[in-house]
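> Let's have the full structure, built from the sequences with the hints guiding it.
Protein chains in written order, with numbering that gives the first Met the number 0: chain A, 0 to 513; chain B, 0 to 424.
Calculated lysine to any residue pairs in the SDA-like style (CA-CA distance at most 25 Å, straight line):
(1) B/79 to A/423
(2) A/148 to B/9
(3) B/79 to A/332
Hint data in this document are derived by calculation from the structure and do not stem from the laboratory.
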Amino acid sequence: MTTTDQLLFEGADWDFRTLQRICDACEQIARDELGLDVYPNQIEVITAEQMLDAYSSVGMPLFYKHWSFGKHFAFQEASYRKGLMGLAYEIVINSSPCISYLMEENTATMQTLVIAHAAFGHNHFFKNNYLFKQWTDADGILDYLEFAKRYVAHCEERHGRLAVEHTLDAAHALMSHGIDRYPGKKSLDLRAEEKRAGRRRAHEESAFNDLWRTVPTGPAKSGAVLDVERRRQMLGLPQENLLYFLEKTAPRLKPWQREILRIVRHIAQYFYPQSQTKVMNEGTATYVHYRIISRLHEQGRLTDGNFLEFLQSHTNVVFQPEFDDPRYSGFNPYALGFAMMQDIERIVTNPEAEDRDWFPDIAGTGDTMGVLRDIWANYRDESFISQFMSPRLMRHFRMFHLHDDPEERSGILVDAIHDERGYRRLRRELARQYDVGFIDPNIEVVDVDLAGDRRLMLRHTVVKGAQLTEADTKRVLQHLADLWTYDVSLVEADASGTVLKEYVANPRKIAAVA
Amino acid sequence: MAIHIVDRRLNPGSKSLENRQRFLRRAKALVQGAVKKSSQSRDIKDVLEGGEVSVPIDGMDEPRFRREGGTRDMVLPGNKKFVEGDILPRPNQSGGKGRGAGEGDSEDTFRFVLSRDEFVDLFLDDLELPDLAKRKLAEVESEGIRRAGYTTSGSPANISVSRTVSRALARRVALRRPRREVLEALEAELLDCSEERRAELMAEIEALKAKMRRIPFIDPIDIRYRRFETVPKPVAQAVMFCLMDVSGSMTEHMKDLAKRFYMLLYVFLKRRYRHVEIVFIRHTDRAEEVDEQTFFYGPASGGTLVSSALQAMHDIVRSRFRPADWNIYAAQASDGDNSYSDGEVASRLLTDNILPVTQFFAYLEVGQENGLSYEMPNSALWTLYEGLRANGAPLSMRKVNERSEIFPVFHDLFQRRGQQERTGS
Numbered sequence: 000m001t002t003t004d005q006l007l008f009e010g011a012d013w014d015f016r017t018l019q020r021i022c023d024a025c026e027q028i029a030r031d032e033l034g035l036d037v038y039p040n041q042i043e044v045i046t047a048e049q050m051l052d053a054y055s056s057v058g059m060p061l062f063y064k065h066w067s068f069g070k071h072f073a074f075q076e077a078s079y080r081k082g083l084m085g086l087a088y089e090i091v092i093n094s095s096p097c098i099s100y101l102m103e104e105n106t107a108t109m110q111t112l113v114i115a116h117a118a119f120g121h122n123h124f125f126k127n128n129y130l131f132k133q134w135t136d137a138d139g140i141l142d143y144l145e146f147a148k149r150y151v152a153h154c155e156e157r158h159g160r161l162a163v164e165h166t167l168d169a170a171h172a173l174m175s176h177g178i179d180r181y182p183g184k185k186s187l188d189l190r191a192e193e194k195r196a197g198r199r200r201a202h203e204e205s206a207f208n209d210l211w212r213t214v215p216t217g218p219a220k221s222g223a224v225l226d227v228e229r230r231r232q233m234l235g236l237p238q239e240n241l242l243y244f245l246e247k248t249a250p251r252l253k254p255w256q257r258e259i260l261r262i263v264r265h266i267a268q269y270f271y272p273q274s275q276t277k278v279m280n281e282g283t284a285t286y287v288h289y290r291i292i293s294r295l296h297e298q299g300r301l302t303d304g305n306f307l308e309f310l311q312s313h314t315n316v317v318f319q320p321e322f323d324d325p326r327y328s329g330f331n332p333y334a335l336g337f338a339m340m341q342d343i344e345r346i347v348t349n350p351e352a353e354d355r356d357w358f359p360d361i362a363g364t365g366d367t368m369g370v371l372r373d374i375w376a377n378y379r380d381e382s383f384i385s386q387f388m389s390p391r392l393m394r395h396f397r398m399f400h401l402h403d404d405p406e407e408r409s410g411i412l413v414d415a416i417h418d419e420r421g422y423r424r425l426r427r428e429l430a431r432q433y434d435v436g437f438i439d440p441n442i443e444v445v446d447v448d449l450a451g452d453r454r455l456m457l458r459h460t461v462v463k464g465a466q467l468t469e470a471d472t473k474r475v476l477q478h479l480a481d482l483w484t485y486d487v488s489l490v491e492a493d494a495s496g497t498v499l500k501e502y503v504a505n506p507r508k509i510a511a512v513a
Numbered sequence: 000m001a002i003h004i005v006d007r008r009l010n011p012g013s014k015s016l017e018n019r020q021r022f023l024r025r026a027k028a029l030v031q032g033a034v035k036k037s038s039q040s041r042d043i044k045d046v047l048e049g050g051e052v053s054v055p056i057d058g059m060d061e062p063r064f065r066r067e068g069g070t071r072d073m074v075l076p077g078n079k080k081f082v083e084g085d086i087l088p089r090p091n092q093s094g095g096k097g098r099g100a101g102e103g104d105s106e107d108t109f110r111f112v113l114s115r116d117e118f119v120d121l122f123l124d125d126l127e128l129p130d131l132a133k134r135k136l137a138e139v140e141s142e143g144i145r146r147a148g149y150t151t152s153g154s155p156a157n158i159s160v161s162r163t164v165s166r167a168l169a170r171r172v173a174l175r176r177p178r179r180e181v182l183e184a185l186e187a188e189l190l191d192c193s194e195e196r197r198a199e200l201m202a203e204i205e206a207l208k209a210k211m212r213r214i215p216f217i218d219p220i221d222i223r224y225r226r227f228e229t230v231p232k233p234v235a236q237a238v239m240f241c242l243m244d245v246s247g248s249m250t251e252h253m254k255d256l257a258k259r260f261y262m263l264l265y266v267f268l269k270r271r272y273r274h275v276e277i278v279f280i281r282h283t284d285r286a287e288e289v290d291e292q293t294f295f296y297g298p299a300s301g302g303t304l305v306s307s308a309l310q311a312m313h314d315i316v317r318s319r320f321r322p323a324d325w326n327i328y329a330a331q332a333s334d335g336d337n338s339y340s341d342g343e344v345a346s347r348l349l350t351d352n353i354l355p356v357t358q359f360f361a362y363l364e365v366g367q368e369n370g371l372s373y374e375m376p377n378s379a380l381w382t383l384y385e386g387l388r389a390n391g392a393p394l395s396m397r398k399v400n401e402r403s404e405i406f407p408v409f410h411d412l413f414q415r416r417g418q419q420e421r422t423g424s
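Given below as structure tokens:
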């Protein structure tokens, strides 16, 4: 290893040579000392305005056009101008090459922090975590987005802006229910996906013959009435991926509408791992930047002043307000993630008796990075917390569990605190807060009345008495009905099957004639 | 492993512009309402500034399936005194504490900043100029000159040196003109050399020199001139006459109302015509053309003769603005006083000379603050114009008392045709 004693930079100013030196220094530590395995990096320097642009299109460098992004942009711009909101120091994109955006205003220290954090921490996580491997296609995403953008623009040209907008509105409303939660038979290949769509369109155009329209179709076939089980099996029911179901079975959608649903579904799927690994992802990145920059300082490549500046930013990032603090808004994923990573390091290198009881597999093994790399690769937030949250950390955060049952008149019960009796319950409850199965309402397509009025039947399985909000639900169902083009009903039922509420929506004409 | 560092700062910004426009288009009705509401409380100058408007969020929301209520379990940090089994009193509002992060987007109005153009566009969107037909191809703007490549002839001032030299160079290379260095080398060799070599060299030098003479350094055919083209650009032009009574009976408040109206009219015309001129005519019992400052703030006193102003306008039109070339708009503001004997003259001037040449003539009667227009008897001028209108003269007239009425009245006057016939109040 060639350690250079020379400083990477002095003061706050940087130029592109400085950035290159910082990257090289970080990479050396990341690869040789931490053993990280990353996608090739691409670092892009952008302005505040460009950062705002990126915000409004969910951080992606290119995206199809839709008014809702404009709304987010207007909203964010207004709060940014008023000083209500600071901008992120960076945005990083799960793609290969891994693109990190750096703001031009950052000082040299901040750029070092951000490069270590995004270009090595997040990057390693993206490349190695099983969820990202399973659900996202880092090589293809940028090409796919480019295709999506072109395709949507093309549809607007052909079918009118309004029709496309209605379809996208509806698809966006169902986006959180356009996700496959369980791995299917084949993994996602976005490049092939894009080619396939192009080929299909070309084929349709070449095979088009207007004469077919005039061919008499003969008397309608008297379809045998399928029995319920057979019908449900053929439709792949129950189906929780509503967008997938619509794309495949909605009776009167145009091919381009199906393709748009498919695009929205793929994009939702692409972001699915991120929502499940917020704590781990940020914890990993924060831990990595902390290790890299501390090491740079040890090597004498960072002045004490710059290191102090780093420590200040770092401390702000991992600050966790307590529950009665006005600044409190849930657990800070940076704070929780970073604390857990450091705690694991402690358990691995310097365990106490309690840790040996709780974590016999890793306590005292001494190979911090080996253990962490294994965790980063094979866990998501829920499983990570439920297995690696130590009693010591629960005491450190002084965690407690509240059970709020509206039926209980007397008040809210403190169910568990950070003591011997409470550790396991605390840990289980905290892990559940990060379980996607509990975060999104569980809504499924249960049946279609094919013989009758083609009504689409959905069921929301109510968990712990939390029902859907009425106004929102009506509007989403309206969108759903517009795509399905027949009536749609939604039943809310609890685990015992008792129906709590029922919604029905009738389609408007817009989507059908569009 | 190579790390790419890319500087994106120079990339075109405002990638979100199109999304923003889509959003505005979608929210048009809502934004328009908000713009009008916010413009009522503004000064006219500020109308041009754009600025922040609040739009109710509900028309623009993006619905999702969401849940609420039910039994809730949460793990919180920062326990200080609770032990297992404690019962905490419920906060007054049920569900007062935030659940997870990121679910708190429940702003019920939505504030954002419109640019100046967006604001004015939305503000004036449903308005239309009456009688826009007369677009005269009059004034040719001098800025219509533009570069248009190169030419072989032209004035020496327009010689394009770089183009000329590069063509000359190409020609010299193509015709193999001897380079001066070659010649100099031969001449240097000539200074000390043997006799037979000398003759050889002399001949060679002569040949080269002859060739150089035949192939000049710069030939007239090399010369290129920058070519300019004049692009005649016809513009429709408009002139706006502001007539105002400044006699003693006009209070500051009335002048303020009038000013607001004029400024709106100006903004509006400015959007339609590239070239708008304004003529300010103020009058007491005599009229004069003044500059803007004097028009609004200059002291004046005297009686009231409306015909003097009309006469002045007529004279100015005749001398400076040929009706064939100009779209003429006039707006008159007055408290309605006029000396009785003047009515006859004024109405003749209007019907015979002014109305036939103007696109639009608006009369704005400004009243006292808190004054109720319908309680007051019609003023002399109002009665006069009312009579003219009844005879079919294209006059628009409105009464205004309050600042907040200016915008509605203005909108009313320029309402897009077909929606509503222009009628008096």
